[in-house]
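Quick note: the sequence shown uses the numbering used here, first residue 503, plus one each step.
Hints were generated in silico from the structure; no laboratory data involved. Glycine is no exception: its CB is placed at the ideal position from the N, C-alpha and C atoms. There is no bait here: all hints are sound.
The calculated label-pair distances, taken between Cβ atoms and stated as ranges, are:
id, residue 1, residue 2, range
1, Ser711, Asp545, 19 to 29 Å
2, Pro596, Asp714, 18 to 28 Å
3, Asp545, Pro596, 13 to 23 Å
4, Pro718, Asp695, 41 to 51 Å
5, Ala640, Val537, 15 to 25 Å
6, Val537, Gly631, 32 to 42 Å
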Amino acid sequence: MNTEDGFVLVEIAVAVFVLALLLGSLLPLLRAETVSARGAATDRRMTAVMAVLAAELARNGRLPCPAGGMDGVAETTCSGAAIGRVPTASLGLPTAAVQDGWSQPFTYAVDARATQTVDLTDWCGRAGGFDALTLDGATPHHPVVLLVAHGPGGGAWLAGGGRAPGAASDAEIENADDDAIFATVPIVASGPDRFDDRILAYAEPAFTSMHDIHCPVAAVGSGQGG
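The whole structure should be built from the sequences, with the hints applied where relevant.
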């Protein structure tokens, strides 16, 4: 090997080293950008699903029960704090519309009394009693309807009907145990206190007013609409 060949090899080695340094600095930025994009997609989908639920309320005077199985059909009746999958078939939604940016399905929770109303007058009259669900760490404390995006940390529904492993912190576990209580805390990216769930929740009257659904005057005047 002559001297010139040696210089070429050194130059290649230096170039590879510099490229590795650049990639090493860019990859975290790219990962962060990917997480940000997936998070933004999640937020958009959750907002869209809530709008569809609001349209269902405006059309039928009630919210649907969760889907009890993989077919996406809403249960005919439900009680208490009803928790399950978004009823895609009943709402006419594709599966991808109810998944977060990590392709994890949302959890749908609703106060069952909001599924048993027969018209908007009935809905507005019962609104003050929509307190079956509890959301700790945020307002509203008693939402009438709630969506959870579980993100990459686990806890979402599996195809077989169970839950994905991986929920780490107490708050993430709380959001995947199918009881009436949900929780939210500041985002923690990793470690035993990891929390990457996103929650969109509404109480009354915010849910109807946000989606421009107006309670009948008589029901509002009864003092039961808040």
